[in-house]
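Chains as they are written, first to last, in the UniProt record's numbering: chain A, 1 to 423; chain B, 1 to 423.
Mixed in with the good hints, there may be bad ones.
[What the hints assert, rightly or not] Keeping only pairs whose Cα atoms sit at most 27 Å apart, straight-line, the calculated BS3-like set for lysine-lysine is: (1) K395/B - K241/A; (2) K92/A - K241/B; (3) K92/A - K392/B.
If you are wondering where the hints come from, they were derived from the structure by calculation, not from laboratory data.
There are 2 protein chains.
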Amino acid sequence: MRILKASDQPSIKRSVDSGTNEQRATVKTIIESVRKGGDQALKAYSFKFDGVSLENISVTEEEKMEAYKKFNEQNLSVIREAAANIRLFHEKQLRTSWITTDENGTILGQKVTPLDSVGLYVPGGTAAYPSSVLMNVIPAKVAGVKRIVITSPPDKKTGKLPPAVLVAAQEAGAEEIYKVGGAQAIAALAYGTETIAPVDKITGPGNIYVALAKREVFGDVDIDMIAGPSEIAILADDTAKPNEVAADLLSQAEHDRLSCCVLVTPSEALAATVASEVEKQLALLPRQEIARESIENFGAIYVTNSMEEAVQTINLLAPEHLEIITEHAMSLVGQIRHAGAIFIGRYSPEPVGDYFAGPNHVLPTNGTARFSSPLNVEDFQKKSSIVYYSEKALKDHGGKIAAFARLEGLEAHARAIEARLKE
Amino acid sequence: MRILKASDQPSIKRSVDSGTNEQRATVKTIIESVRKGGDQALKAYSFKFDGVSLENISVTEEEKMEAYKKFNEQNLSVIREAAANIRLFHEKQLRTSWITTDENGTILGQKVTPLDSVGLYVPGGTAAYPSSVLMNVIPAKVAGVKRIVITSPPDKKTGKLPPAVLVAAQEAGAEEIYKVGGAQAIAALAYGTETIAPVDKITGPGNIYVALAKREVFGDVDIDMIAGPSEIAILADDTAKPNEVAADLLSQAEHDRLSCCVLVTPSEALAATVASEVEKQLALLPRQEIARESIENFGAIYVTNSMEEAVQTINLLAPEHLEIITEHAMSLVGQIRHAGAIFIGRYSPEPVGDYFAGPNHVLPTNGTARFSSPLNVEDFQKKSSIVYYSEKALKDHGGKIAAFARLEGLEAHARAIEARLKE
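Taking the hints into account, I'd like the entire structure generated from these sequences.
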């Protein structure tokens with residue numbers, strides 16, 4: 001793993017895939033075909049891309065029950081405990097409508113309403129993560145979304161969805177599940193087909209075609225962020241255990257060849273031992289090949305002159321995941337301006353948040369923590385302003401409102417006010 | 001104004017301009033030029049598009065002071081009172097960091113942090129609205145954003161910004177102001193030039209070039225919504241005064257030839273009298289030509305069979321502005337699922353909210369109230385998850401977390417947990 005001076009390296013290399021022109025054109029074609037062809041187009045694309053001949057797009061009740069039978073009971077209890085933790089944490093985010101009242105009769109406020117319907121895309125293949133299902137469905141459920149739809153590509157051999165995904169969906173509270181993947185699934189969620197009614201918002205990760213399709217339908221429906229490769233930055237000093245720091249770096253590196261794993265430390269000694277620990281542990285990993293590519297291309301250890309410079313480096317990076325493993329870790333939290341999630345202290349390695357603790361694992365990547373937040377219950381609610389003026393309030397303030405309208409040259413605005421003041 | 005049966009007209013015609021391929025290409029070129037050429041490119045485009053030869057891109061202290069001298073004192077006091085109301089309402093939206101603690105030592109929560117910097121685009125020409133400046137700057141200020149930048153095209157003749165915009169900016173608390181407009185201004189805000197440091201988020205309305213530029217830089221920085229033409233829907237019954245309803249429809253129609261103004265009512269009598277009132281009032285409006293085009297192309301009165309059907313029609317429309325002028329207006333609020341802002345009762349005509357009451361006038365258009373909210377203080381804050389596990393917490397739950405990781409085939413995740421459990 002490269003060891004660099006932080007001062008020499010102001011920007012950190014990350015991978016962003018915004019798609020080729022060809023990919024964009026393919027996605028546009030797929031979306032148009034699904035808008036025109038509906039279910040038939042979905043089936044044709046499933047055959048073409050997933051090699052599956054679907055009779056039924058919907059997952060049946062039988063398939064849902066079967067998934068439980070195939071599922072290990074111990075794993076089910078872990079999923080249930082994780083789901084309960086996630087639910088508990090997200091319930092704390094729930095906003096409620098509020099008003100302010102004034103003696104002159106004015107009532108102002110915000111009405112908070114859940115979205116009507118939400119669609120979650122679940123990637124297929126090796127990346128079928130039940131934790132993603134929990135992290136996307138539970139906040140929508142807590143927000144009060146009535147219709148939660150899941151769509152995911154079926155397995156090429158069985159034509160079915162993985163039991164873990166089906167079990168997680170049901171545990172989280174999503175009952176409407178379709179066996180469709182790719183850009184065609186996004187098109188169906190956005191515009192609807194005979195079988196799949198359209199939704200108001202689409203969330204969930206996916207490959208480049210799914211990402212481009214989400215970008216394309218954005219505006220007609222809402223989307224969550226376009227997720228980039230996973231990232232971790234670790235802020236550590238001499239009190240950190242090198243083997244633990246190395247293990248944490250590798251836990252992100254194994255996700256993706258493009259994952260970005262960084263250690264920032266004022267300790268040259270820690271830098272050196274972590275680098276050799278990473279080598280040692282890498283050799284023993286099942287996903288060694290992926291992790292090694294990520295570490296070699298996007299991994300780095302930055303040595304700083306001070307803890308202050310280390311914190312600055314972290315804020316420049318604005319990482320998706322940040323671990324602080326220093327002597328007084330909690331006292332540094334206030335200085336972190338940009339990070340998706342902050343894991344504090346030695347006993348909070350990042351996988352604690354991936355699966356179990358409760359906060360969402362859908363986090364802003366690629367420096368967007370500068371302006372974005374983890375997936376939230378509020379992402380599934382929207383607000384409407386409430387404005388109630390009494391007769392007295394309008395009489396007291398109407399003249400000023402009309403004057404402001406005229407200052408902007410909007411006479412009809414002024415007259416709408418004055419129509420009430422004439423009597 | 002057309003009178004239609006709501007049941008015959010499920011979808012309502014609205015105008016969406018997503019730009020021509022030529023416009024998109026122009027915007028791409030402008031952005032690239034500004035990224036390469038910096039200030040020089042900005043000045044060249046200002047000369048080309050605005051006909052202004054700028055020596056200095058920044059608004060000087062002298063120009064700021066001069067704006068106050070040119071500004072009417074009565075209008076200043078209205079702007080100050082409006083700003084105070086807007087501030088008061090938005091302060092109620094301010095989120096604070098929060099945590100939960102558990103007896104086993106676990107601390108979970110959300111750290112709320114203001115964005116570092118925000119840029120507000122203010123359109124030029126006839127549409128220089130000081131109210132827009134207040135509505136965009138004040139929420140950012142309340143959120144705690146340290147650097148708030150305004151950029152707006154200068155007047156062709158004077159090479160300066162309108163006094164109303166400069167006064168509103170200073171009253172709202174924005175001191176860094178630039179005389180640049182168009183897609184080049186958006187590029188400068190997103191990527192920076194020698195004079196203008198880049199920002200993290202860009203808000204504010206603009207013409208199609210500004211809208212396309214915002215869409216283009218989205219991802220590198222955050223943006224607010226892409227605003228469409230203004231809309232109003234009025235839900236009224238026989239208790240509403242036809243002249244007031246007509247005046248309210250026209251107050252939106254005068255904004256833009258593409259504005260969408262709709263009355264939904266179960267009363268045929270009201271429909272007929274409002275239609276003739278609209279004609280009568282139209283003839284007397286200074287912006288008659290614009291308003292007439294909007295009413296003729298995008299205006300409609302929908303007559304329903306019941307109040308229930310009227311509410312359904314409103315929810316289908318998901319209007320930017322909704323007025324409820326019915327006998328028991330307040331009792332209908334709970335049934336409204338989708339609306340940017342809800343104005344309740346006869347004395348709350350929409351301009352009350354445009355200028356003065358306090359809630360934001362930047363609202364979701366074109367049906368996006370299904371999933372979007374008014375501009376909020378929260379749009380200028382972001383959250384970071386906080387995860388602190390104690391040794392005991394990790395010992396109690398680490399085994400389950402490792403099991404979940406292995407269920408997803410992520411061995412390095414499991415090992416990061418187990419590295420702490422070994423001792």
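Item to check | Given hint K241/B paired with K92/A - CA-CA distance at most 27 Å | outcome: Not satisfied, since the Cα-Cα distance of roughly 45 Å exceeds 27 Å.
Checklist entry - Are the Cα atoms of K92/A and K392/B separated by 27 Å or less? => result OK: K92/A and K392/B at ~24 Å, within 27 Å.
Checklist entry - Within 27 Å, alpha carbon to alpha carbon, are K395/B and K241/A? => result holds, 17 Å
In terms of the numbered hints stated before, the structure departs from hint 2 and from no other.
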